Amino acid sequence: MTTKRHEQVGLTDAQVLDMYYYMLLARKIDERQWLLNRAGKVPFVISCQGQEAAQVGAAFAMEKDRDFLCPYYRDLGLVLVFGQTARDCMLSAFAKAEDPNSGGRQMPGHFGGKKYNILTGSSPVTTQVPHAVGMALAGRMKQKDFVVYASFGEGSSNQGDFHEGANFAGVHKLPVIFFCENNKYAISVPLNKQLACESVADRAIGYGFPGISVDGNDPIEVYRVMKEAVERARSGQGPTLIEAVMYRLVPHSSDDDDRVYRTREEVEEAKKKDPLIVFAAYLREIGLLDEHKEADMLARVQLEVDEATEYAETAPYPTPESTMTYVYGE
Amino acid sequence: MATKVLMPQLGESVTEGTISKWLVNVGDTVKKYDSLAEVTTDKVNAEVPSTVSGRVTEIVVPEGETVAVGTLILYIEESGAEGGTAAPASTPETTAPQAPATEQPKAATPAVSIQQAPVIDGPKQRYSPAVVMLSQQHGIDLSRVVGTGAGGRITRKDVQAIIDAGGQKPAETVKETVVQEPVAAVEQSTIVSTPVPSAPASTPAVSVEIPVASGDQVVPVTSIRRTIANRMVQSKHEAPHAWTMVEVDVTNLVNFRNQAKGEFAKKEGLNLTFLPFFIKAVVEALKEYPMINSTWAHDKIIVKKDINISIAVATEDALYVPVIKHADQKSILGIAKAVDDLAARTRAGKLTMDDMTGGTFTVNNTGSFGSVLSQPIINAPQAAILSVESIVKRPVVINDMIAVRSMVNLCMSLDHRVLDGLICGRFLQSVKQKLENVGPNTKLY
Amino acid sequence: MAVISFIDAITMAMREEMRRDSNVFILGEDVGVRGGVFRATNGLIDEFGEERVIDTPLAESAIVGVGIGAAAYGMRPIAEIQFADFIMPAVNQIVSEAAKMRYRSNNDWHCPITIRAPFGGGVHGALYHSQSVEAMFTNTPGLKVVAPSTPYDAKGLLKAAIRDEDPVLFFEHKRCYRLIKGEVPEDDYVLPIGKADVKREGTDITVISYGLTLHFCLQAAEKLAQEGISAHVLDLRTLYPLDKEAIVEAASKTGKVLIVHEDNKEGGVGGEVAAIVAEHCLFDLDAPIKRLCGPDVPAMPYSPPMEKYFMLNPEKVLEAMRELANF
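Chains as they are written, first to last, in the working numbering: chain A, 742 to 1071; chain B, 7 to 451; chain C, -6 to 320.
Isolated chain A, as found in the complex (with noise of 0.2 Å):
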C-alpha cells in the first residue's frame, strides 16, 4: 500500500510534489476566479477543476521549452507547468493589457504565447487539432525532435478538424499526442449522446495509431501513458490518442447552470473523486505531505493567488486605439 507508485514510472518524490503544488494553483487559481465573477469583478469563467490531475500529469511527460501544446480553454493546470503564473491567468482574466495570451483581447482560457510553446487558440472547438499536425510536421522538416500535444474535451472529438488531424498525422506518421480530456458532458450533453462507441480512445484505430483509456483523475497514470506516447513520438513511430477520464466538477462556465442537466448527487459522488483530495490522500500516504507541509504550501498558493489578484485588478486595460492594432503585420 505504500509503494511508491510515482518511483515506477520515473517520477522522482520532488516531481510529485510539484505536479501536486501545480495541481492546488490550478484549483485555486479557478476558484478565485469564480469569486471575482460572482463579486461582478470578471465577466466570465471556464474552469479546469476536476482535469488538474491529468493536464498537470501530461505536462510533465513532456519538456517544457521543447515541446509544443495546442491546449484547449480548460487547461490551465497543463499551461501553469509550461510557465504561465497566476498573474498571468488574472491578467487575462480581468482583459489587462498584460495578458500574456491576447492582450486583453480574447476571453479567459484561450491560452496562448510564444514564450511558453504555446500556439493561440480560437473559440471554434477542436480547430487547433490541424495546427498541432502542422507543427509536427514543420517540427519534421526543420529536423527537430519535438512533440506537439494538442487537447480537447470528448465532444469535440466528434468535430471534422479531429478525424482530419489525426488522419494527417497517422499517415504521415507525425509526433503529435492527441490529448482527450473527457470529463462526461459538452455543456449539458453527456458521453453517451456524444459517442456511440465506448470511449473515445476507440476512435484511434482508424487512424492507424493506438488509443489509450486512463484514469484522469490520477496523474501517475496520466504521466505514465504520456511519457510513453512521447516516447513513441519522439522515436518516429507516430502520433497517440489519449483518453482521459474524469469529471467536470463545476458548471461549464460562469454562465451555466449544471443543475438543470445533472442531479446533485452525482456532482457529490464525483467529488469524491477529486483528484486532488486523492492525489494529496497518496502524497500523505507515502509520506510527502503532513499537515503541516500541506499548510504551507496552501499558504504559498494563497499568497500567489492573492498577489495575481491585486496585481491584475490595478494593471492597465489596454487603449481604446489599440483595438486597431496588430490586424496584419505592421
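Hints listed in this document are in silico derivations from the structure and should not be mistaken for laboratory results.
The model shown is predicted, which means the values in this text are computed figures rather than measured ones.
Accuracy of the hints is not assured; some may be wrong.
To spell it out: a stretch of chain C is covered by chain A in this simulated footprint if at least three of its residues, at any positions, have a beta carbon under 8 Å from a beta carbon of chain A; those stretches are [said to hold, decoys possible]:
#1 66 to 72
#2 85 to 91
#3 100 to 108
#4 253 to 259
We treat Cβ as the ideally placed atom computed from N, Cα and C, and that holds for glycine.
Starting from the known structure of chain A, arrange chains B and C on it as the hints suggest.
Quick look at chains B and C alone, frame taken from chain A:
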C-alpha cells in the same frame, strides 16, 4: 458532304492539344466511336473518337503539331451522304465537344453613334454631382450649355470642355452646336431699308471690344438669344432679301368677322381673330404659286409638296416659330385652333421638336404690336415671309369718292435667288383678292 | 523576355520561392506525383521531393489547418485547394484561425500561409468547378485576398504572397490558366499586395475588374477606342484589403464607373468598390455607378447554352461600357 472533325477540349482549362499519332489514314473507313488519333494535352493523353461513320478524306493537322481546341483536324465523308437518302441536314460541323478556345466577340457589332437629341425641356434638366460641382467652381451657367449625353444630358466632359476652352465667356462659349436649338426668329423692326439686298459682309465682327460704361447694364446672352442672333445673321448673309408690299381693303373681312365672332366663341370656345383668315388666304395663294413654297438648295430649288405655315410667337425674351402642319388641308376653324394651340404651348414652354420643324412659309402677325410696316427677315431655308400689319381705318378713294375703309399692309421679304418681283407681285395680288372677297359666303368650317 | 501562360507563371513563382527559401513547401490534393489537376505544381516534386511537395489526404480543413500550424511554427506553406468550390470545409480554418491568429494573440503569433485556389468558370465545370467564392472572404480583416489577371502579375503577386507575413488567399481564374499568355521576366521580382494596377489609360469611362473579366474589359476597350470611346481600365489585383486610393483615383478620372466581375452581383466585391466610389467621389460622379456581374443564381450550370448565358464575355462588357459612355 464531309464532316469536319475538330480538336476537342480534353479537360478543364485546356486550350490546345497535340496530335501525337494518327490512328487512321486517308481513305480508311471508320465507324462511329473508332479512334482517330492520339492527342496529348497539358492534362491528359487521350484517343479521340470519330463521331460519324464514313471514310477519311483528308488529314489536316500532321502528327506532332499542336493546335488550339476547336481547330479542324480532319475530314470524314459520311457513309450516308453518298447513299442519296441522307438529308443534307446531317450536321455539317459536329464532333468536338467544345467551343473555340477564345471567346472573341463577333466581328460585326455595329458601331452605334450617339444620337444627339436636342434639349427641349431645359428647366427640367437634371445634373450629375460632378456637373453641378464643376459648374459652380467655374461659374458656368448650365442653362447655356448644350449636353452631348443621353437625352441631351450635360456631361462632366461637356462642362470640362468649356473650362478647358477658358471658361464660359459670353462671346465664345456657345459653340456651333447651339444652332441645333429649334428656334427661328423674325425681325420686328418697322425701319424700312433698301429693298435690294446688299452683299453679305465677309466676316462678322466678333472680337470687337465694346466698352461698358458705368451704369450700363450687362445682360448675358442666353443660348436662345444666341441662337436667334445666329439664325438672323445666317439668313441675312445667305439669302439676298428683296422686299415688297401691298395694301388690302379688309372692310368686308372686318365686318364679317365682327358678325361671326360671337357665335364662333360660343360654339368653339375660341376667339375668332383675323390671323386665320390671312393664313387661309396665303395658303390658297401658295397653291396657285407653288414656287413661293420652296427652298434654295445650292444647285437646285426644291418646291415643297406640303404647305406648312410657320407662325411667329413671341414670348417675353424670345421668339419661336412653331408650324401649322398641312395648313392647306385646314379650314379657318382648323387654322384658328392650330394657332391657338401653338401659341398656348409656346408660352407654356411645351413645344416639341416636331412642332418647330418642317415649315415651308412664314406668316408673321406684326400687326399685333401695332406695326404698319415691317421688313421681315426670311425664316431660312424658306423662300419668303409675309407679315400682316395692323388693320387701320383710312380714307380711301373708291370710284373717285372718298370712303373710310379698314386697310392693312401685307409686307413680304423674298429670297431673290429663288423668287423675282413678278411672281411675288402676282402672289400678293392673289392674297389681296381672296381677302377682299371675304364675306357672308366665306366658310369658317 | 519569355511569353508564358498564366499557369506556367504560377509554377515558376513557386519553383523560384522554393529554391530561395527552404521553409517554403506545398501541400494539397494531387499536388505531388500528378503535379496538380491543373498541372500547377508540375515537376516540383522531382526537384524538391515529397517532403516539400506533399500529397495530403483528401480533407480541405486539414490541408489548410495543417498549413496554419506549420506557418505558425515558421514555415511558408502553400496550400492548394483543388477547386475554389471545395474550399468550404476549410473556411473555419481560414476565417477563424489564419485570419485572426495575429490579432487574437496580440501580435505574438502570426500565420504566413498562402492558400491557392482555382476559381471561375467557362470551362464546362458546372456548379462545383466554376464558382467564384471570393466575396465570402473579402470582409475578413487579417486575411488578404489576391486575384491576378496576367501571368506577370500572377508571378509577382504569388511570390509576394509566399513572402507575406500574413495569410493570403490566392485566387487563380482557371480559364486564364492556358488562355492568357504574357511576358514574364525570369528574374526575381515581387509585386505589392494591396495595390491595384491601371491596365489601360482612358478618359471617358472607368472600368474596374479582376481575373478573367479584366481581359474582356480590355478587349472591349480596344474595340470602343475605334468608336472614339476611351476607357480607363483598373485591375484590382488585390480584392482585400482593396486599394481604395487607386479606386478613387480611377473613378474620379472619368466620373463614370463600371465594375465587372464574374461572381454574382449582390454582395459581390463590386458592391464594396461601388461603396468606396460613392463615399469618396460624389462630386466627381457623372453617372450612376454600374455593375456588370454574373447572375444571382446559385452557380454555373453545365449545359453549354446555360453556361454561356451565365458567363460574361467581351460583347456583354462592350455593350455595358458603351451604354455608360453614352450616358
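Verification of the supplied hints:
Counting residues of the region 66 to 72 of chain C whose beta carbon lies closer than 8 Å to any beta carbon of chain A gives 4, which reaches the threshold of three, so the coverage claim holds. Only when three residues or more bring their CB closer than 8 Å to a CB of chain A does the claim for the region 85 to 91 of chain C stand; here the count is 4, and the claim holds. Residues of the region 100 to 108 of chain C with a Cβ under 8 Å from some Cβ of chain A number 4, which satisfies the need for three, so the listed coverage holds. Judged by the Cβ-Cβ criterion of 8 Å, the region 253 to 259 of chain C is not covered by chain A as claimed, because only 0 of its residues qualify and three are needed.
When each numbered hint is compared with the structure, a violation occurs for hint 4 only.
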